[in-house]
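Engineer: The residues making up each chain are set out below.
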Amino acid sequence: MRDAFTRALMREAATNPRLTLITGDLGFGVLKPFWETYPKQFINAGIAEQSMTGMAAGLAMTGRTVLTYSIGNFPTMRCLEQIRNDCAYHGASVKIVCVGGGFVYGSLGMSHHATEDMAVMRALPGLMVFAPGDPAEVEAILPVMLRIPGTCYLRLGRGGEPTLHKEPIGHWTLPEALTLREGTDVAILSAGGILTQTMEAAEILAEKGISAKIISFPCVKPIDEEKIKELVTRFRHIVTVEEHTIVGGFGSAVCEAAAELGTGCRIHRIGMEDVYSAIVGTQQYLREHYEMDAKSIAERTEKWLNQP
Amino acid sequence: MTELSYTERIHAGFPPEGPDTADPKVLAWLIRRHGLEMTHLSRGSHIGSVFSLAEIMAVLYTRVLNVRPYEPRWPERDRLILSKGHAGAAAYAALAERGFFPVEELKNHYANGSRLSGHVSHKRIPGVEVSTGSLGHGLSVGTGMALGAKMDGLSWRVYTILGDGECDEGAVWEAALQARQYGLDNLTAVVDWNHMQSLDFCENTLALEPFADKWRAFGWNVIEVDGHDTEALTAAFEKAKNHKGSPSVILAHTVKGKGVSFMENNILWHYRTPQGEEYEAALRELEAQRP
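Line by line, the protein sequences give chains A and B.
Count the first sequence with my numbering and you get residues 569 to 876, in order.
Count the second sequence with my numbering and you get residues 25 to 315, in order.
Since the hints were made in silico from the structure, they are not lab data.
By construction, the Cβ of each residue, glycine as well, lies at the ideal position given by its N, Cα and C atoms.
There's no promise every hint is true.
[What the hints assert, rightly or not] With a straight-line Cα cutoff of 20 Å, these simulated EDC-like cross-link-like pairs (lysine to aspartate or glutamate) come out: (1) A:Lys863 / A:Asp753; (2) A:Lys608 / B:Asp176; (3) B:Lys49 / B:Glu309; (4) B:Lys147 / A:Glu649; (5) A:Lys608 / B:Asp209; (6) B:Lys49 / B:Glu288.
[As the list claims (entries may be wrong)] Just so you have them, the derived chain A footprint on chain B, three or more residues with Cβ under 8 Å: (7) 141 to 154; (8) 167 to 174; (9) 191 to 198.
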């Protein structure tokens, strides 16, 4: 996803000299092609996320689209008030980019686990939240996000994720949710790179004769309410999956939209259960530990479907 | 006999055509007079900070800032960010007296439904660039603006006013590093150096001394000045404008509560609102200083 981001961003920078990328001294292997090609549109703000974000607001006020870039929680929580007061309140065109949403930096420890970022960003008025599920989604949403006048948050995964969309996404319209697999027994919804796990879970469920529809929500706020309306009408069970706390994040967003519709559909949330992860391990190891890997998703879904 | 309007009461004693707000001494007096009245009417706080800042604000709006009251979003205007947003009354008073919006509206400071919030706000208020209130934000935003202007080869300048207490905030020093790194000589910070913060003297809270040396060590061009001397301030701003290669900071030696004897250097007047006999006494002292 990181490389898809840089590729898509470079395409934009080629035609938009007002696009400026600021990093908080991170992204050596990721942003290098950008800073070599567009040195005048690149700034290293140093290890100073608060001032980086305030500066981004100021730069945006000079008629630029400004991206701030860092990893994990650094571009969001470290500078939350700058995002709220300086960027979002002023409607500044600042796009906050996080690489390493969820457990990407699993072995580095709790400080590097971005597991509340979507909830925190979603709470800020006017701020849009994007969490693409694969590199194709990154390339589809980036041009749209960059043209939104206000402040946005883009949550990326790592490098090297597979492209899961078999067909090109083409022109993406905000806040469209994307169906990757049709199914009739259950709908499994996700936001972000955990999409690899829901896709694989669908395979496991299929072997057991359960047909799962897989939908990715690259935009968490605003959320595709039309799609949720359609799903809660059609399905008796919906499962939401996020590499993130189930408090206030993607699953919560789906529940909020669905609750207002008042259908009998049950929504089951998979994610972190209001805990900090103190476990050391790879991304996949931690997904397994917190029961959000493909096998766990399939097992939990099956169990829920069999409930009376 | 009809009751005088807010504006008529404040302007009483000036010639019939109104006060000469292009004179920094007149504007500074008006900022204090409004500051007293606004905090009195609203039972608001921060009068000490408003008084501390009066000459700095007055010199900026009479002799320094290239701004157009009737075209507040003029692209080539200089930008001012009041990072110590709690002194918002000083900014509102200066803007109103310089014609950005009606003076009469100042009576609505803090009021229900008013656009004049206690901490300075850009929403619907012509002439305010950036909303502040949480300390330690303004210098970063100003750094971004100045960097943007430099990248575009534009000649407008950026001014950011900080409190000395505000310099407790780490983000101030992040911005200080960045502004120096990018050689932002189009950025001038002004520190309202009154030696007091919310609960106590700075020295007893987080000592800032050697304060000027700190800024020098961060690579800034440091200009020290009497922050209540309008001529000295004018010269300091001129020096900052002429300095090339690095950002400038004007360390303005000020007195919190300046202009009213019992408020000066008295920590009470960070939060206390002037009412009753204290209001009357402050008014008498200000009237005696009318330029």
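Engineer: Which of the listed hints are not met by the structure?
Structural biologist: Nothing - there is no hint that the structure violates, so all of them hold.
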